[in-house]
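Asker: Below, each chain spelled out in residue letters.
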Amino acid sequence: MSQLPRTLPGAGFWWETRASLAFVERNLYLVKRYWHLELAFLIFNVASAMSVLYIGEAQMQASGGSAAREGQLDLVLFLGIGTVVWAYLRAVFANVGEMVAWERWEGTIEYTMMAPISRLAHMLGVSLFSIIYGLARSALLLGVLSLFFSVDLSKANVAGAGIVLLAGSISFLGFGIMAAVLPLLFPERGEEMTFVISSILLLVSGVYYPISVLPDWMEPLATISPATYVLEGMRAALLEGAPTSALGPSLVPTLILGGLALPIGVAIFSWGERYAKRTGRLKRSG
Amino acid sequence: MVATLERPETQLASDTGATPAAMVEHVSKVFINRPLLRRAQVKEVRAVDDVSLTVKQGEIFGILGANGSGKSTLIRMLSTLLIPDSGRVEVFGFDVLKQEAQVKRLINRVSVEASFFKKLSPAENLAYALRLYGRSGPAVREETLAVLERLGVAREKVGEPLEQLSRGMQQKVAIARALLTSPVLLLDEPTTGLDPRSKLDVQQFVHELRDGHDATILLCTHDMSEAATLCDRVAILEMGRLVALDTVDGLKRRFGAEMGSLDPTLEEIFIHLTGRSLDDDEGDTA
Numbered sequence: 001m002s003q004l005p006r007t008l009p010g011a012g013f014w015w016e017t018r019a020s021l022a023f024v025e026r027n028l029y030l031v032k033r034y035w036h037l038e039l040a041f042l043i044f045n046v047a048s049a050m051s052v053l054y055i056g057e058a059q060m061q062a063s064g065g066s067a068a069r070e071g072q073l074d075l076v077l078f079l080g081i082g083t084v085v086w087a088y089l090r091a092v093f094a095n096v097g098e099m100v101a102w103e104r105w106e107g108t109i110e111y112t113m114m115a116p117i118s119r120l121a122h123m124l125g126v127s128l129f130s131i132i133y134g135l136a137r138s139a140l141l142l143g144v145l146s147l148f149f150s151v152d153l154s155k156a157n158v159a160g161a162g163i164v165l166l167a168g169s170i171s172f173l174g175f176g177i178m179a180a181v182l183p184l185l186f187p188e189r190g191e192e193m194t195f196v197i198s199s200i201l202l203l204v205s206g207v208y209y210p211i212s213v214l215p216d217w218m219e220p221l222a223t224i225s226p227a228t229y230v231l232e233g234m235r236a237a238l239l240e241g242a243p244t245s246a247l248g249p250s251l252v253p254t255l256i257l258g259g260l261a262l263p264i265g266v267a268i269f270s271w272g273e274r275y276a277k278r279t280g281r282l283k284r285s286g
Numbered sequence: 001m002v003a004t005l006e007r008p009e010t011q012l013a014s015d016t017g018a019t020p021a022a023m024v025e026h027v028s029k030v031f032i033n034r035p036l037l038r039r040a041q042v043k044e045v046r047a048v049d050d051v052s053l054t055v056k057q058g059e060i061f062g063i064l065g066a067n068g069s070g071k072s073t074l075i076r077m078l079s080t081l082l083i084p085d086s087g088r089v090e091v092f093g094f095d096v097l098k099q100e101a102q103v104k105r106l107i108n109r110v111s112v113e114a115s116f117f118k119k120l121s122p123a124e125n126l127a128y129a130l131r132l133y134g135r136s137g138p139a140v141r142e143e144t145l146a147v148l149e150r151l152g153v154a155r156e157k158v159g160e161p162l163e164q165l166s167r168g169m170q171q172k173v174a175i176a177r178a179l180l181t182s183p184v185l186l187l188d189e190p191t192t193g194l195d196p197r198s199k200l201d202v203q204q205f206v207h208e209l210r211d212g213h214d215a216t217i218l219l220c221t222h223d224m225s226e227a228a229t230l231c232d233r234v235a236i237l238e239m240g241r242l243v244a245l246d247t248v249d250g251l252k253r254r255f256g257a258e259m260g261s262l263d264p265t266l267e268e269i270f271i272h273l274t275g276r277s278l279d280d281d282e283g284d285t286a
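As they're listed, the protein sequences go chains A and B.
Heads up: the first sequence at position 154 corresponds to 154 in the working numbering, and the numbers run straight through without jumps.
Heads up: the second sequence at position 84 corresponds to 84 in the working numbering, and the numbers run straight through without jumps.
Among the hints, a few may not be true.
As the list claims (entries may be wrong) - Cut-off 25 Å, straight-line C-alpha distance, at most; resulting in silico cross-link-like pairs (DSS-like, lysine-lysine): (1) A:K283 with B:K43; (2) B:K157 with A:K32; (3) B:K119 with A:K32; (4) A:K32 with B:K118; (5) A:K283 with B:K98; (6) A:K283 with B:K119; (7) B:K119 with B:K199; (8) B:K98 with A:K277; (9) B:K157 with B:K119; (10) B:K199 with B:K157; (11) B:K56 with B:K98; (12) B:K43 with A:K277; (13) B:K118 with A:K283; (14) B:K118 with B:K199.
Keep in mind the hints are simulated off the structure, nothing from the lab.
These figures come from a predicted structure and were not determined experimentally.
Model the full structure from these sequences, guided by the hints.
Answerer: Laid out in C-alpha cells, this is it:
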C-alpha cells in the first residue's frame with residue numbers, strides 16, 4: 001500500500017468544523033465585495049415591505065382610525081412580522097439553495113466539490129453563514145421599518161419569538177439543501193426551479209394573510225409548510241405576548257418538520273451529487 | 001523575502017519506491033445522452049476506453065490528445081469529479097471511489113480557466129482554499145502573502161480583485177494555490193489561451209516546481225514543445241484509447257524508424273499515431 005506517512009490531515013469532527021468556517025469567511029468576503037448588490041437588495045426589500053405595511057395602515061384607517069384598533073388585530077404589526085420573518089426565512093433558504101448555483105456562476109464548482117471536506121461540513125458552513133446573513137438582513141430591515149411605523153411590542157415575548165425563529169431555520173436549511181441539488185441535476189434551469197419552491201412556500205404559509213383565506217385544496221399545503229408554524233408562533237409571541245411554554249403548538253410541528261426536512265435534504269443532495277458524478281454533470285458550466 | 005512553497009501536513013515518504021502517485025487500471029467511461037423523445041436515437045460517447053497507466057512520484061507526466069480524446073475525462077476521474085464505469089483509479093494507493101476523502105487531500109486541479117472567485121482578491125481566494133484544506137492562522141496568512149509576493153503580486157495588489165490580474169498571473173496563483181495544499185497537481189491545459197509571454201511565465205513556473213519541489217504533476221497540454229520540455233513521460237490518447245506511453249526520447253526511438261526519421265518531433269509522432277494534428281484542439285471537454 002502507500003508509502004505515505006499516516007499524517008493525512010482531516011477526517012476528525014473538529015477539523016471538519018474548522019474547515020467549514022471557510023464558507024462563512026468566503027461568503028463574508030463576497031458580501032463585502034458585492035456590497036452594491038447587497039445595498040440594492042436591501043433597498044428593494046425595504047421598499048417592498050413598506051408598501052405592504054402601508055396597505056395595512058390604509059386598511060386600518062379605512063376601518064375607523066387608531067381609535068378603532070382597541071381589541072382588534074394590529075394589521076400593521078401582523079404584516080410587519082410576516083414581512084420580517086419571511087425575509088429571514090427566505091434569506092436562509094436562498095443562501096443554502098444557491099450553494100451550487102453560485103459556485104457554477106463563479107466557475108468554482110469543481111474546485112469546491114473536490115476539496116477535502118465532507119459534504120456535511122460544507123453544508124454546515126453554508127448554513128451557518130445563511131443564518132448569520134439572514135439575521136443581519138432581517139435586523140436591518142426591522143430597523144428601517146421601525147423608523148417609519150410605530151409598533152407596540154411592550155407585551156412581546158422576544159425570547160420565545162427567537163426560539164421559534166431558530167427552530168424554523170432548521171426546516172428552511174433542509175428545504176434549501178433540497179433546492180440546492182436542482183442546479184446540480186439541471187445545470188441550465190435548476191436555479192429557476194428553486195424560485196418555484198420559495199414562491200409556493202410564500203403563497204401557502206400565511207405570510208401576509210391568515211391561512212384560513214386560502215381555498216380548501218391549498219390548506220393542506222399550509223399544514224406541511226414550516227413557515228406556517230413559525231409565523232403562528234412568532235405572532236403569538238410578539239402580538240399576544242404568549243409565554244414560551246404556550247408556544248408548543250407552533251414549536252413542536254416546526255421541530256418535527258425540521259427533523260424531517262434536514263436529513264431528507266442531505267440524503268437528496270448526496271444522491272444528486274453521486275448522479276452528477278456518474279453522468280458528468282458536475283462541471284463548471286452547463 | 002523569498003517564499004518557499006511548502007507542503008501542508010501531508011508529506012511524501014522519503015522512499016518514493018513502490019507506491020505510484022497515480023494509477024489508472026483498465027478504466028472506461030461512456031457518456032450516454034438520452035433524449036426526451038423516445039424515438040430519437042440514444043447517443044453514446046466512449047470517452048475513455050480501457051486505459052491503464054501509472055504516474056510515478058515526483059514525475060511530470062504529460063497527457064496528449066486531440067479534441068475528444070478523453071484527456072479531461074481522465075483528469076476528472078482522478079479528481080473525484082467523475083465516477084468511472086469500470087476499472088480502478090488510485091492516488092498514492094487510495095481508491096478514488098472507496099477512499100474519496102483521502103484522495104481529495106492529496107490532489108488539486110488547475111484547469112483552463114482558473115477556478116477563482118474573481119471579485120475576491122488573491123489573498124482572499126488563497127485564504128479560502130487554505131481553510132478548506134485545514135490550514136489557517138497568522139503564520140499561514142504570512143506564508144500566503146509571501147507566496148504571492150514571490151509570484152510577482154506586490155503587497156499593495158494582494159487586496160485587489162483577482163479579475164484585475166492578467167490571466168497568466170491568475171494561472172500562476174492557481175498553481176501556487178494547488179501546491180500549497182496538495183502534493184499531486186492535475187494541470188488541465190493550464191497554458192491554453194494565454195498570450196506567449198504569460199504562457200512562458202507559467203511554463204517556467206511549472207519548471208521551477210519540478211526542480212525545487214517534490215510535486216507530482218499530470219499535465220494535459222496542446223503544446224507539443226511544452227510537453228517535450230516539461231514532461232518526463234507522455235501518454236498519447238486517441239478516441240479514448242491509450243496509443244503510446246513513454247519518454248519523449250523513447251517515443252522518438254520507438255517510432256522514428258517506422259516513420260523513416262532519425263529525430264522526429266513530438267508533433268510528428270503524434271500525427272503519425274493519431275492521423276491528426278492538435279491545431280483545432282480548443283475547448284476539449286471529453
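Asker: Would you check the hint for K283 (chain A) and K98 (chain B), treating anything up to 25 Å between C-alpha atoms as holding?
Answerer: holds (22 Å)
Asker: Take a quick look at whether K283 (chain A) and K43 (chain B) sit within 25 Å of each other, Cα to Cα.
Answerer: Since the Cα atoms of K283 (chain A) and K43 (chain B) sit roughly 20 Å apart, the hinted pair holds (cutoff 25 Å).
Asker: Holds or violated: are the alpha carbons of K199 (chain B) and K157 (chain B) at most 25 Å from each other?
Answerer: At roughly 22 Å apart (the allowed maximum being 25 Å), K157 (chain B) and K199 (chain B) satisfy the hint.
Asker: Is it true that the CA of K157 (chain B) sits at most 25 Å from the CA of K119 (chain B)?
Answerer: Between K157 (chain B) and K119 (chain B) the Cα gap is close to 13 Å, so the pair holds against 25 Å.
Asker: Holds or violated: K119 (chain B) and K199 (chain B), Cα atoms, limit 25 Å.
Answerer: holds (23 Å)
Asker: For the pair we were handed, K118 (chain B) and K283 (chain A), check the Cα-Cα distance against 25 Å.
Answerer: holds (18 Å)
Asker: Given the hint that K119 (chain B) pairs with K32 (chain A), does the C-alpha gap stay at or below 25 Å?
Answerer: Holds, at roughly 10 Å.
Asker: Given the hinted pair K283 (chain A) and K119 (chain B), is their alpha-carbon gap at most 25 Å?
Answerer: Satisfied, since the Cα-Cα distance of roughly 21 Å is no more than 25 Å.
Asker: For K32 (chain A) and K118 (chain B), compute the direct alpha-carbon distance and say whether it is at most 25 Å.
Answerer: holds (13 Å)
Asker: Take the C-alpha atoms of K157 (chain B) and K32 (chain A), compute the straight-line distance between them, and say whether it is at most 25 Å.
Answerer: holds (17 Å)
Asker: Keeping to a limit of 25 Å between CA atoms, is the pair of K98 (chain B) and K277 (chain A) held or broken?
Answerer: With Cα atoms ~14 Å apart, K98 (chain B) and K277 (chain A) stay inside 25 Å; holds.
Asker: Is K43 (chain B) close enough to K277 (chain A), meaning Cα to Cα at most 25 Å?
Answerer: holds (19 Å)
The structure meets every hint from the earlier list without exception.
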